[in-house]
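Chemist: Read top to bottom, the protein sequences are chains A and B. Going by this note's numbering, the final residue of the first sequence carries number 257, and the count climbs one at a time with no gaps. Going by this note's numbering, the final residue of the second sequence carries number 311, and the count climbs one at a time with no gaps.
Rather than coming from a laboratory, the hints here were simulated on the basis of the structure. Be aware that a few hints might be false.
[Claimed, not checked] Where chain B lies over chain A, by a calculated footprint (3+ residues, C-beta under 8 Å):
1) 94-103
2) 109-121
3) 217-226
4) 247-254
Predicted model, so just to flag it, every value in this text is computed and none were measured. The beta-carbon is built from N, C-alpha and C at its ideal position, and this holds for glycine as well.
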Amino acid sequence: MKPIIKAESLTKQFLISPGDAPSVHYPTLRESIVRSTRFAFDRIRGKRRPREEMIWGLKDVSFEVMPGEVMGIIGPNGAGKSTLLKVLSRIIEPTSGRAELYGRVASLLELGTGFHPDLTGRENIFLNGAVLGMGRREISARFDEIVQFAEVERFLETAVKHYSSGMYLRLAFSVAAHLDPEILIVDEVLAVGDASFQKKCLGKIDDVQRDGRTVLFVTHSVSLVKEHCHRALLLDQGQVIRSGPAAEVVGDYAAMY
Amino acid sequence: MNLSPGQNANQAELPSAPEQQVEGSSVTSAHRQRRFELPEKPVVVIEPRKAWAPLDLSAVWAHRELIYFLTWRDIKVRYKQTVLGAAWALLQPLVTMIIFTYFFGKLAKVPNDGVPYPIFFYTGLLIWTYFSNGVSNAANSLIGNTNLITKVYFPRLIIPTASVAAGLLDFVIASLLLIFMLIYYGFPVTLSYLALLPLVLVTTLFALGVGLWLSALNVKYRDVRYALPFVIQIWMFVSPIIYPSSVVPREWRWLMSLNPITGLVEAFRAVLFNHGIRWLPLAYSCVVTLVLLVYSSYMFRRMERDFAEVI
Numbered sequence: 001m002k003p004i005i006k007a008e009s010l011t012k013q014f015l016i017s018p019g020d021a022p023s024v025h026y027p028t029l030r031e032s033i034v035r036s037t038r039f040a041f042d043r044i045r046g047k048r049r050p051r052e053e054m055i056w057g058l059k060d061v062s063f064e065v066m067p068g069e070v071m072g073i074i075g076p077n078g079a080g081k082s083t084l085l086k087v088l089s090r091i092i093e094p095t096s097g098r099a100e101l102y103g104r105v106a107s108l109l110e111l112g113t114g115f116h117p118d119l120t121g122r123e124n125i126f127l128n129g130a131v132l133g134m135g136r137r138e139i140s141a142r143f144d145e146i147v148q149f150a151e152v153e154r155f156l157e158t159a160v161k162h163y164s165s166g167m168y169l170r171l172a173f174s175v176a177a178h179l180d181p182e183i184l185i186v187d188e189v190l191a192v193g194d195a196s197f198q199k200k201c202l203g204k205i206d207d208v209q210r211d212g213r214t215v216l217f218v219t220h221s222v223s224l225v226k227e228h229c230h231r232a233l234l235l236d237q238g239q240v241i242r243s244g245p246a247a248e249v250v251g252d253y254a255a256m257y
Numbered sequence: 001m002n003l004s005p006g007q008n009a010n011q012a013e014l015p016s017a018p019e020q021q022v023e024g025s026s027v028t029s030a031h032r033q034r035r036f037e038l039p040e041k042p043v044v045v046i047e048p049r050k051a052w053a054p055l056d057l058s059a060v061w062a063h064r065e066l067i068y069f070l071t072w073r074d075i076k077v078r079y080k081q082t083v084l085g086a087a088w089a090l091l092q093p094l095v096t097m098i099i100f101t102y103f104f105g106k107l108a109k110v111p112n113d114g115v116p117y118p119i120f121f122y123t124g125l126l127i128w129t130y131f132s133n134g135v136s137n138a139a140n141s142l143i144g145n146t147n148l149i150t151k152v153y154f155p156r157l158i159i160p161t162a163s164v165a166a167g168l169l170d171f172v173i174a175s176l177l178l179i180f181m182l183i184y185y186g187f188p189v190t191l192s193y194l195a196l197l198p199l200v201l202v203t204t205l206f207a208l209g210v211g212l213w214l215s216a217l218n219v220k221y222r223d224v225r226y227a228l229p230f231v232i233q234i235w236m237f238v239s240p241i242i243y244p245s246s247v248v249p250r251e252w253r254w255l256m257s258l259n260p261i262t263g264l265v266e267a268f269r270a271v272l273f274n275h276g277i278r279w280l281p282l283a284y285s286c287v288v289t290l291v292l293l294v295y296s297s298y299m300f301r302r303m304e305r306d307f308a309e310v311i
C-alpha cells in the first residue's frame, strides 16, 4: 500500500541574529538600513558577515504514514513537534527536504482560529468553517449537526465574546470536527477542555479514523498515544529519535525522560 | 509549495458519511477499514520555493469563498456596537464636505470649475475616502490577522484583497448621497454614469496594488503603520481632491498627473459633470495600476513565505 504522507529529509532552520530575542523582535526599517549599509562597508573592507546563529527546528525528518493510520507525535518541549505540523500544514516553508501529501489536509493547530469575538455563534460557524477550508454549501449542509454537537442551540445569536470558555471550545471543536479531509493534522488542542470535552474530542478522532481517514496528532500525553494511535514518532531537538508501533515508541520515551 | 492543479485533487474525495456505522472499532483493525484510492500524483507537495515563484492564482481561486467570508466579516464587524451603524459611512464624507465647503469654498474661494462647492468636494472626498481607506485597511490587514496567518494555510493574498473589497459597501452607501446631491443641483443623471463603473474598478485595483505592497512590508517593518496616515494625508493634498487641477499652472500639470489618483479623480468628475475626459492622464493611471498590481503581487508572493515566522 502507498503511504498517504511521505516526508523526506524535512529540515527547517530558524535564523537568530546574535543579540536578538527571536520572537519579540521586529526589525524596524531604520535597523535594516543601518545593517545593510554596515554589511556593505564590511564587505568592502573584506570582512565576512557575522554568522547568524542557526537553530534546527527540524533536522532531516523522514517518515511515512499509511492511509487510515493514526500517528502520534511525541517528544519533549521544543522537540520540533509543532514546527513539523506547521510545515505539513504549509504555514511555514521547510528550508530543505520534501513532503508529499496524497489527500486534502485540514489542520487544527488551535481551536477557534478566525473566531471573531463580536460575531454571533452562527456567524462564527460560517467564518471558522471557511477559514478551515469548508465551502459555504458544505457548512450550510452540516450547520445543524455542528450546532447540535456543540450544544449551543440557545446561544446561536449571541456574540461569542459572551460565551463561557466551555461553550466557546465546544463550538470551535464542533466546527473542526465536521471537516471532511483525508488527512487531519491536530496539535495539542485537546489539553484545553475538561474531562468530558476531552472525551468528546477523542471519540471524534476515533470516528475520523474509523472512517478510513488519516490523523496526525501531537500530544504530551503518553496514555493518549497508547490508546488512540497505531504508530508514533518520537522527536527530540528536531530529529526523529524513534518511530514505530505506538506502544514501543511510548515505552522508549518513558525510559528516556 | 503549491497545490497541484490536476484533477487528482478531487478523486481522493471520500464518499463520506461520518455518522455511518462501522463495526470493529478497535484501533488495530483500521487498515482493513474503508479503502479509498490514493491519487497518482500528490495533492500537496511541500518543498522550499524559489524566491520569485509563479503567482498561483488557481489557489486563490480555490479559496474564493474565503475572500467572500473575510469581506463579510470585515463589514459585519466594522459597525458592531455602534449606535449609528453604517450611517458612519455617510457621515464622515458629509461632515468633511460641509467643513471644506465653508473653509475652502466660502472663505478661501478655491476655484471649482463651475461646479457647486458641496458637490465638487463631495465627489473628490468620496473617491479619496474609498481609496485611502482601502489602502490603509489593506496595509494593516495582515498584522491584524496574525492568528490566521500563524494557524491556517490559505493564499495570504486573500487577506488584503478582502480588506479592500470591504470598503466597497461604504463607497456604495456614500454614493447614494451623491446621487441625491446631483439631482438636487440639477445635474442630468443619465446612463453615461455607467462609465463610472470601470473607474471604480481601476481605483479599487490601484488601492489593492498599493495595499498589497504595504501590507507585506508592514509584516516586517512596523514603521508602515506609523508612516501611513501621514503619507496618506500628504497624498491627499497633492491630489486634486479639494481643488481642481486647473489651479495648477499649465506647465506644472504634468507633474500633478504623475500621481495616478489625479487622472482617476479628474475622470470621475468629468463623467459626473459632463466635461470631456482627459484621456492621457487616465490612460497613465491605468497603466500604473496594472504595473503596480503585477509588481506588488509578485513581491507579496515572495515575502509571503516568511509571514508566519516574522509576523
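Chemist: Please go over all the hints and tell whether each is borne out by the structure.
Modeler: We went through each hint and held it up to the structure:
1. 94-103: Coverage by chain B holds for the segment 94-103 of chain A (10 residues, Cβ < 8 Å).
2. 109-121: holds (count 7)
3. 217-226: violated (count 0)
4. 247-254: violated (count 0)
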